[in-house]
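Participant: Model the placement of chain B on the given structure of chain A, informed by the hints.
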Amino acid sequence: MTPWRATRRGLPWLLFAVQSIACGRPGVGGAGATLRLALINDPIMNPVLASELGSILINKVIFPGLLRPDSAGKPAPDLALSWEITPDQRRYTFHLRPNVVWHDGTPFRAEDVKFTFDQILDPKSGSLLWSDFSVIDQVEVADSLTVRFELKAPFAPFLTLLGHNAGIAPAHAFTGRAMLDATDFNRTKPIGTGPFQVSSAVSGSSITLSANPRYYGPAPKLARVVFKIVPSQNAQVAQLRAGELDLVTIEPGQLAQLAGDSSVKVSQVSVPQHYYVGFNQQLPLFKPAVLRRALGMAVDRQALIDGVLKGSADFPTGTIPRASQGFFADELPPLQYDTTKALALFAEAGWRRGSGGRLQNAKGEPLRLTLLVDKGNPTREQAAVAIQQDFKRVGVDLTIRAMEFASMVRDYIQTKRYEAYLIWWNTPSDPDQYGYYGTGQANNDVSYSNRRADSLLRAGRATNDVAARKRAYAAFQALELEDPPVLVLFYPREIQARSARLRGVPPLGIRDALRWVEQFELAPE
Amino acid sequence: MFRFLVQRVLYGALTLWVVTTATFLLIQAAPGGPAILADPKLGPVERHAIEVRLGLDQPLGIRYLTWHRNVARGDFGRSFLYQTPAIDTIRGRLPNTVLLTGLALVAALGFAMPLAVAVGRRPGGWLDRSLAAINFTTLAIPAFWFGIVLILLVAARWRLLPAGGMSTPGLEDDMVDRLRHLVLPVLVLALPLASEVFRYARSGVIAGRRAPHLTPARARGLRERGVEWRHVVRNTLVSLLTVVGLQVPLLVGGAAVTETVFSWPGMGRLGVEAALGRDYPMVMAITVIVAVTVVGANLLIDLLYGLADPRVRLA
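Chains as they are written, first to last, in my numbering: chain A, 43 to 567; chain B, 1260 to 1574.
No wet-lab data here; the hints were simulated from the structure. Fair warning: this is a prediction, and the values are worked out from it, not measured in the lab. One or more of the hints may lead you astray.
To be verified - Okay, the calculated beta carbon distance ranges per label pair:
id: 1; chain 1: B; residue 1: Met1434; chain 2: A; residue 2: Arg256; range: 30 to 40 Å
id: 2; chain 1: A; residue 1: Asp179; chain 2: B; residue 2: Lys1300; range: 21 to 31 Å
id: 3; chain 1: A; residue 1: Thr128; chain 2: B; residue 2: Gly1302; range: 24 to 34 Å
id: 4; chain 1: A; residue 1: Arg410; chain 2: B; residue 2: Trp1417; range: 53 to 63 Å
id: 5; chain 1: A; residue 1: Pro548; chain 2: B; residue 2: Val1408; range: 29 to 39 Å
id: 6; chain 1: B; residue 1: Arg1416; chain 2: A; residue 2: Ala389; range: 55 to 65 Å
id: 7; chain 1: B; residue 1: Met1434; chain 2: A; residue 2: Asp179; range: 50 to 60 Å
Stated by the list, open to error - When the alpha-carbon atoms are kept at most 25 Å apart in a straight line, the in silico BS3-like pairs for lysine-lysine are as follows:
id: 8; chain 1: A; residue 1: Lys512; chain 2: A; residue 2: Lys458
id: 9; chain 1: B; residue 1: Lys1300; chain 2: A; residue 2: Lys383
id: 10; chain 1: A; residue 1: Lys329; chain 2: A; residue 2: Lys405
id: 11; chain 1: A; residue 1: Lys352; chain 2: A; residue 2: Lys417
id: 12; chain 1: A; residue 1: Lys194; chain 2: A; residue 2: Lys231
id: 13; chain 1: A; residue 1: Lys405; chain 2: B; residue 2: Lys1300
id: 14; chain 1: A; residue 1: Lys352; chain 2: A; residue 2: Lys405
id: 15; chain 1: B; residue 1: Lys1300; chain 2: A; residue 2: Lys263
id: 16; chain 1: A; residue 1: Lys383; chain 2: A; residue 2: Lys434
id: 17; chain 1: A; residue 1: Lys417; chain 2: B; residue 2: Lys1300
id: 18; chain 1: B; residue 1: Lys1300; chain 2: A; residue 2: Lys231
id: 19; chain 1: A; residue 1: Lys194; chain 2: A; residue 2: Lys512
id: 20; chain 1: A; residue 1: Lys166; chain 2: A; residue 2: Lys116
id: 21; chain 1: A; residue 1: Lys329; chain 2: A; residue 2: Lys458
id: 22; chain 1: A; residue 1: Lys156; chain 2: A; residue 2: Lys166
Think of the CB as a built atom: it goes at the ideal place given N, C-alpha and C, for glycine as much as any other residue.
The shape of chain A in the complex, shown without the other chains (with noise of 0.2 Å):
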């Protein structure tokens, strides 16, 4: 026998062997069913530790906070039934549900509320969440159901933050030791409060997690939650046409791919979320409000939404976007894409179009300014594009310079070497922003300075009043059109694809959205 004739002899046995491992896909849905959420790495799983999106995501579903966002966003009771928040807003109590238990059978105290924010205030715990909860002078325990947190000032975002990543930690399972050297714990067999409960942990390829029967809630309606480990956002768009994911979410360019297939769902949810240009107003370039300005009304942002959006986002008005409980200033109009006006606004501050259309000052030097973006991302890198361009039509010389996130984060941002740079800032929907845009302040990227803007949001995060902090963001969503701190682009909604069997999912971001997990279910196949 030749080789040839051997290969062709062996073909039918090995179209024998492809069929036969092919056959059997085990069963899905029912009762029993199983929710398959992807992340892209291994999680810690520890909410005072979590340091990035996916470890977010499944403490969600393990740690509950003390509380948790309703679907408009505002803080509703989970661990913590009711509280009281003193006159003068320093001081609030938590009244604990009573008869919860961890996932081990201990009792669920007040010394664990206590111990987590602890860790929290505790930087060398290796607490990520330090800034988000500095304002707490020290926690009480008053007894086993009642927890007190004493507050240096008031602060209007506290419960938001509650209910945000504010997971809770059970205080036993660290006696001894420090939470970074507790790996059993962080990697594989984590102890929650909540709807599921880790059964087991294979690492880089799967979490399981299987219903708690202890849970203080309503019992989950699935059996288990898997979290499979899925790198690649393509495969895992891939993956859910395939029946092996049931929710995932999507960039804009990836929607083409799923029109037309019935078994996935494609929803679109507001999240407390703005992208921007930051321009360095350490510059004196960018000193001048007028010119942000003008940069401002260059941008066709509706152009860019529909475009490389594909219609996934919201038209913005100024930094508080649209999911912010509220506080979305409606009634102000919002710049609009005018060319004619932003050539008025360039000429007032002091850039007039010269040989060629270009605008230059009275000196005759080009207005030139180059953006950073990160690379990898289509939607970002294609919007700087769509900027690049539309600003060439107004006369404005921009290059992009694309890198890796950490390193424009790390050696231009932070150092303040950079003229602009395309971002975004993920925010608790409580609409303060005091960190990002008030003078000096630790997030503060772009050096941004307004006296009145400061007033304006310390007054905002000052008072649980609703009504007056309405007046106040209000008032900054108008000053803002005047004296633009960033150039936002958009506020983009969430792209969340599903199986067309699951239901129960509450309209929220995906974060927010899993503090709802024992209320997720599958229909049967």
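Facilitator: Relative to chain A, chain B alone:
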């Protein structure tokens, strides 16, 4: 022979030192620094605490010396990203990669060798010409594209095989389930490998068939198939060893693209994540493991040359 071994082991140690030192300096010099510090939300307090915890507040020279001292004790440090000992994660991932790439290599040899022998019999024939065309195609197709297309067709449309991962969660001990997960990634990895092996083997076979020592073999009454497999194929083994030897880094270092597309928890994905995240301890640990294996494998292949080709003398 003994002198040869000692010499090569010394060379190997030197290579290892150069590779680790260069990697250490390069990864530290890479822009951005550890990803854990790149969250724009981090305030100065958290950032400083992290720097102290990871030892990044120490001067570079001290860190370099500390790393050597720790490695000498078998301590590769704690991964920045995973916050667990780097070597533990590698221990988990290495077998996955060896399984995937090893099977791909075997499959590639299994595809390519019989075809090369068949083509060698009639170079320029229809089989040769069509294989040359296929060859270019398989070498030119990028793995990320081919992988996604296979997933969309085989897994999403026809639902024949799983779209990714090593096993269905909960069925980790099911051999059939594991095999089903292997088919697509092995195929994607094996095709370009087979093309490469085929090219070497084909020219080896064609050259081998013209060798004068075949005439006495035929004269002894050896049948053509015996001539092909005993003399011709053996002749091509030397060049094949080189090709296979070149795949050893892949065997332990993993195939990052294929592993990512198929969500395969292997060394390639781990390495790319560690490099992108500037996970210094993980990058260094992977470098040491891969470098030691590659240096060792090269030594082994040098020894094998002697077996495959009697003309090679080790001295």
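Participant: Give a verdict on every hint.
Facilitator: Hint-by-hint comparison with the structure:
{"no.": "1", "hint": "Met1434(B) with Arg256(A): 30 to 40 Å", "result": "holds, 36 Å"}
{"no.": "2", "hint": "Asp179(A) with Lys1300(B): 21 to 31 Å", "result": "holds, 22 Å"}
{"no.": "3", "hint": "Thr128(A) with Gly1302(B): 24 to 34 Å", "result": "holds, 28 Å"}
{"no.": "4", "hint": "Arg410(A) with Trp1417(B): 53 to 63 Å", "result": "holds, 54 Å"}
{"no.": "5", "hint": "Pro548(A) with Val1408(B): 29 to 39 Å", "result": "holds, 36 Å"}
{"no.": "6", "hint": "Arg1416(B) with Ala389(A): 55 to 65 Å", "result": "holds, 58 Å"}
{"no.": "7", "hint": "Met1434(B) with Asp179(A): 50 to 60 Å", "result": "holds, 59 Å"}
{"no.": "8", "hint": "Lys512(A) with Lys458(A)", "result": "violated, 33 Å"}
{"no.": "9", "hint": "Lys1300(B) with Lys383(A)", "result": "violated, 35 Å"}
{"no.": "10", "hint": "Lys329(A) with Lys405(A)", "result": "holds, 18 Å"}
{"no.": "11", "hint": "Lys352(A) with Lys417(A)", "result": "holds, 20 Å"}
{"no.": "12", "hint": "Lys194(A) with Lys231(A)", "result": "violated, 36 Å"}
{"no.": "13", "hint": "Lys405(A) with Lys1300(B)", "result": "violated, 40 Å"}
{"no.": "14", "hint": "Lys352(A) with Lys405(A)", "result": "violated, 42 Å"}
{"no.": "15", "hint": "Lys1300(B) with Lys263(A)", "result": "violated, 36 Å"}
{"no.": "16", "hint": "Lys383(A) with Lys434(A)", "result": "holds, 16 Å"}
{"no.": "17", "hint": "Lys417(A) with Lys1300(B)", "result": "holds, 20 Å"}
{"no.": "18", "hint": "Lys1300(B) with Lys231(A)", "result": "violated, 28 Å"}
{"no.": "19", "hint": "Lys194(A) with Lys512(A)", "result": "holds, 23 Å"}
{"no.": "20", "hint": "Lys166(A) with Lys116(A)", "result": "violated, 31 Å"}
{"no.": "21", "hint": "Lys329(A) with Lys458(A)", "result": "holds, 14 Å"}
{"no.": "22", "hint": "Lys156(A) with Lys166(A)", "result": "holds, 17 Å"}
The earlier numbered hints that this structure contradicts are 8, 9, 12, 13, 14, 15, 18, 20.
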